[in-house]
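Chains as they are written, first to last, in this note's numbering: chain W, 1 to 284; chain Y, 1 to 206; chain X, 1 to 246.
Derived by calculation from the structure, the hints in this document are not laboratory data. Take these hints with a grain of salt, some might be off.
Simulated restraints, written as ranges between beta carbons of each label pair [stated by the list, open to error]:
#1 T151/Y - G116/W: 52 to 62 Å
#2 Q150/X - P195/Y: 30 to 40 Å
#3 K152/X - V270/W: 42 to 52 Å
Quick reminder that beta carbons are idealized off the backbone N, C-alpha and C, glycines included.
Listed below, chain by chain, are the residues.
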Amino acid sequence: MSMITMKNVYYQYPLEKEQVLKNINLSIEKGKVYGLVGHNDAGKTTLCNVIRGFIPSFYRGKLTGEIELDGKTIQEYSMGDLATRIGYSFQNPFTQISGVKETVFEEIAYGLENLGTAPEVIGEKVRELIAMFKLDALQEKNPFELSGGQKQRVALAAIIALDPEVIVIDEPTSQLDPQGTEEIFKIIDLMKKKGKTIILVEHKIDLIAAYVDEVIVMSQGEIKMIGKTSEVFTNKEVLTYGGQLPQVALLSLALQNAGITMPTIPITLVEAQQAIEKILSREV
Amino acid sequence: MKQGIKHDFTLLALLLIPVGVSLSVVGYQLSSILKLPVYLDLIGTTLVAMIAGPWIGLITGGLGNLVNGMLNPTSIPFGFVSICVGLATGYFSKWKMYTNVVGIVIAGALGAVIAAMSSAVVVVLLFGGVTGSGVDLITATFLAAGQQIWTSVISTNIISGTVNTIINMAIALFLIKRIPPRFLVKLNYGWNYIPKKLREVFKQND
Amino acid sequence: MTNAIQKLYPSTKMSIVLAVILFTLMMPGYISQYSVFPIFIIIAFISGVGTKFLSAFIKSIFVLVLFIFVFQCFLIPSDTVIWSKGILTLYKEGLEASLLMTSKIIAISSSLIWFFLVTPIKDMMFALEKAGFSKKFTFVIYSTIQLIPQMKKLSQTILEAQKSRGIETEGSLMIRLKAFLPMLGPLVLSSIQQTEEKVLALEARAFSATVRKSSYYQMSKKPVDYLVISVIFIGFMIFVWWRFFK
Chain W
1 MSMITMKNVY
11 YQYPLEKEQV
21 LKNINLSIEK
31 GKVYGLVGHN
41 DAGKTTLCNV
51 IRGFIPSFYR
61 GKLTGEIELD
71 GKTIQEYSMG
81 DLATRIGYSF
91 QNPFTQISGV
101 KETVFEEIAY
111 GLENLGTAPE
121 VIGEKVRELI
131 AMFKLDALQE
141 KNPFELSGGQ
151 KQRVALAAII
161 ALDPEVIVID
171 EPTSQLDPQG
181 TEEIFKIIDL
191 MKKKGKTIIL
201 VEHKIDLIAA
211 YVDEVIVMSQ
221 GEIKMIGKTS
231 EVFTNKEVLT
241 YGGQLPQVAL
251 LSLALQNAGI
261 TMPTIPITLV
271 EAQQAIEKIL
281 SREV
Chain Y
1 MKQGIKHDFT
11 LLALLLIPVG
21 VSLSVVGYQL
31 SSILKLPVYL
41 DLIGTTLVAM
51 IAGPWIGLIT
61 GGLGNLVNGM
71 LNPTSIPFGF
81 VSICVGLATG
91 YFSKWKMYTN
101 VVGIVIAGAL
111 GAVIAAMSSA
121 VVVVLLFGGV
131 TGSGVDLITA
141 TFLAAGQQIW
151 TSVISTNIIS
161 GTVNTIINMA
171 IALFLIKRIP
181 PRFLVKLNYG
191 WNYIPKKLRE
201 VFKQND
Chain X
1 MTNAIQKLYP
11 STKMSIVLAV
21 ILFTLMMPGY
31 ISQYSVFPIF
41 IIIAFISGVG
51 TKFLSAFIKS
61 IFVLVLFIFV
71 FQCFLIPSDT
81 VIWSKGILTL
91 YKEGLEASLL
101 MTSKIIAISS
111 SLIWFFLVTP
121 IKDMMFALEK
131 AGFSKKFTFV
141 IYSTIQLIPQ
151 MKKLSQTILE
161 AQKSRGIETE
171 GSLMIRLKAF
181 LPMLGPLVLS
191 SIQQTEEKVL
201 ALEARAFSAT
211 VRKSSYYQMS
221 KKPVDYLVIS
231 VIFIGFMIFV
241 WWRFFK
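Work the whole structure out from these sequences, hints included.
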């Protein structure tokens with residue numbers, strides 16, 4: 001079932017001469033995880049902003065084409081409605097702290113307060129999220145005093161508190177260390193298991209290969225490739241759009257060129273291990 | 001563009017208020033650390049008033065004094081001065097005075113007079129001509145020379161405050177020139193500070 | 001925060017401040033106004049903020065009051081001379097004016113200093129929202145109060161960073177002036193541009209939802225609040241009757 005559909009979407013920022021999104025046609029299926037990749041000004045964040053309705057309401061500029069969420073055009077939703085439909089987590093952990101809460105617990109509760117949720121319900125939900133995100137040790141801390149990775153986790157928890165069907169996550173790990181990154185991906189995996197539709201912008205290609213169902217490759221404002229992770233990430237065409245392939249896929253493709261045939265091109269370490277074991281057993 | 005008080009209170013403009021207040025506090029703090037002869041404690045109010053208009057400027061000024069007043073209540077009445085400066089700067093910006101040299105000079109002079117007058121009202125009526133700081137010596141000299149209290153305080157304010165107000169406005173303008181146009185375009189009063197070339201691009205796109 | 005006075009509902013404490021302000025303005029003379037100050041010292045100590053109260057008072061009000069006396073008594077000439085020696089002349093009208101003025105300043109300021117010391121911001125914002133103020137209003141005040149210390153810390157960091165990069169912060173006026181912009185500049189530009197992301201982050205937290213905001217944090221007026229408000233109200237009514245109708 002299609003959750004979000006975009007037809008012939010074009011967009012131009014108010015002060016720029018060029019369009020940043022061109023001829024976007026996309027269908028986001030319910031319950032799948034999408035990885036959005038491409039080089040820095042490919043238009044990934046802009047696309048996310050269009051999906052969330054921040055474009056054109058906040059950024060202004062010229063948007064054409066159709067964008068539908070759950071069968072209704074995005075313009076039919078109010079800003080408040082969209083917050084409960086599409087969760088949005090941003091790149092910068094620092095700007096996501098509300099600045100009006102004195103503890104992590106209250107910070108996570110803030111969105112629910114804005115929706116007028118009853119205090120007892122808020123308490124229950126936030127406690128649940130704190131357990132899920134393993135934030136117990138932090139819940140009484142001032143959000144300003146957290147590290148970048150902790151802030152990012154709290155921000156993500158605060159978004160998930162609103163229980164949106166779709167979650168857009170824009171480069172959550174760009175300012176995080178490996179441990180913080182791992183924590184974030186654990187949460188993404190958890191959300192996937194809960195049946196959420198997730199759109200993830202991320203540069204760490206090996207992580208995308210391991211976690212997402214479908215990959216969307218963008219370049220110069222256009223969607224160049226879209227398909228199953230195993231298909232896109234074994235196709236060298238990605239490289240021509242300034243994208244990357246997982247290390248193991250590159251290695252396997254090189255081996256194949258050298259005459260060593262692989263049963264399948266692996267995209268994760270586990271798959272690579274299996275493939276290599278197969279080759280070895282064949283040769284013996 | 002539509003005008004009107006409600007129209008000025010976008011979420012982006014509202015978020016500039018805390019930033020403006022904090023910048024004024026930090027401006028004051030930095031000028032004391034560097035032992036500058038001027039106090040850059042209006043920097044946030046003027047900057048925010050220029051790009052977000054008179055009403056946001058007014059609130060930024062007033063709130064700054066209110067927050068300071070939590071520890072030092074005598075700061076609260078001086079909120080009247082900040083409110084006047086914020087409001088005036090916002091209107092000067094609305095009237096496009098900061099886009100040309102003549103306008104800037106007039107805005108600086110008017111701003112200085114407004115600050116001096118409004119401050120005199122508070123100082124004379126509530127505090128008997130005193131601010132509790134070093135400039136009181138100048139007022140004392142005027143008084144000792146036989147001047148009236150109002151003339152003394154206004155003269156002191158003009159002597160000590162004019163340079164201050166003008167430097168605050170000048171630095172605010174200097175900093176606004178460095179704010180990216182894509183940010184300014186989202187503010188109701190940012191338009192005049194966007195380079196002309198880009199404004200034409202905008203008009204074409206529209 | 002275990003102190004009973006600190007736990008009072010914010011509007012209860014505010015009604016004490018309002019009563020003090022009205023009393024101070026309506027009451028002739030200065031003796032009763034001056035007596036407000038020692039009463040607040042006692043209240044501040046009972047509230048557990050005595051030292052903070054005195055230190056804030058001395059830092060903010062003391063010098064001002066001293067200057068007012070000097071100005072009004074010695075520098076503004078009037079008819080009646082009380083005392084004179086050399087160039088110094090003490091005028092009676094000036095002395096009276098400064099007593100009237102400073103007594104009011106001291107009384108009102110001490111009630112306000114006390115109020116802000118014993119009322120947590122969180123309580124104040126809760127009470128304002130409960131009283132029907134919009135969440136935009138409380139948001140702006142609350143985030144301002146929270147942002148100021150953060151920005152102060154940040155400017156300290158920038159100051160140290162610039163120093164270690166070799167920017168001189170001491171020396172002639174020109175050198176110090178030149179040091180100012182590279183310090184304030186990055187702070188201004190980053191903080192202003194961050195507001196843009198902050199708007200979206202708030203929208204993502206349903207800030208623009210049109211329903212009335214709720215609060216996880218709860219506090220309510222207790223019997224002691226009603227008692228205090230009633231005492232203040234009756235006391236004030238008796239004062240008004242005594243002052244104007246007797």
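Going down the list of hints, with the structure as the test:
Between T151/Y and G116/W the beta carbon distance is about 57 Å. The supplied range of 52 to 62 Å therefore holds. Distance hint check for Q150/X and P195/Y: the Cβ-Cβ separation is about 32 Å, which falls inside the suggested range of 30 to 40 Å. The hint said 42 to 52 Å for the Cβ distance between K152/X and V270/W, and at roughly 50 Å that hint holds.
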